[in-house]
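These protein sequences, in sequence, are chains F and R. Per the numbering used here, the first sequence runs over residues 1 to 115. Per the numbering used here, the second sequence runs over residues 1 to 109.
These are computed hints drawn from the structure, not numbers from a lab. It is possible that part of the hints are untrue.
[As the list claims (entries may be wrong)] BS3-like mimics (lysine-lysine), calculated; alpha carbons at most 25 Å apart, straight line: (1) R:Lys96 to R:Lys54; (2) R:Lys108 to R:Lys96; (3) R:Lys53 to R:Lys68; (4) R:Lys96 to F:Lys7; (5) R:Lys96 to R:Lys53; (6) R:Lys96 to F:Lys65.
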Amino acid sequence: SAVISQKPSRDICQRGTSLTIQCQVDSQVTMMFWYRQQPGQSLTLIATANQGSEATYESGFVIDKFPISRPNLTFSTLTVSNMSPEDSSIYLCSVRGLAGGETQYFGPGTRLLVL
Amino acid sequence: KNEVEQSPQNLTAQEGEFITINCSYSVGISALHWLQQHPGGGIVSLFMLSSGKKKHGRLIATINIQEKHSSLHITASHPRDSAVYICAVTPGYGNKLVFGAGTILRVKS
């Protein structure tokens, strides 16, 4: 299994500011994903974080708003830029491809409230 | 129509009852996942299936590839089983999970 940690676990931010969320995995993984879960909703994929290249964004999500880095096989960051109250959500890091396996593991999430 | 449909959306059970949550999907898949999300937000992977049946403690997951259907069973349910249960598939055409809407389970003592 994979142990995933996220920082911060929660934050309250002012509109117009930016927040960077870190995701650290205890072992190398093939794929890293960033999801958003709005209140009462299921998970929505923001992007796939690619090591050494630009992330692959889903429809409705753009790099200027959600820049992502993945410098190596165990770490990624997601920045939520120029925040508005609509960005209030849980942001989750998820990984797959641990030692070639296909089970998908999820981080504990970052609860973001934008005032 | 969503590619992954779950039923029921909400389920309330008495402690000790046998519970079944169903998942149907409309695409070819390489794997199906059952996930559990507790009120605090953390998501745990319960099972990953590509065929047959898996059992872990009081949880049993089955999949019928021909019928594109999976079930999650909880035997001797307990209030600590109260959570959202999410069915997700890894489509044969890509790497991204496709999620069902989730089933909110409440087990009363």
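Numbers of the earlier hints that this structure fails to satisfy, in rising order: 2
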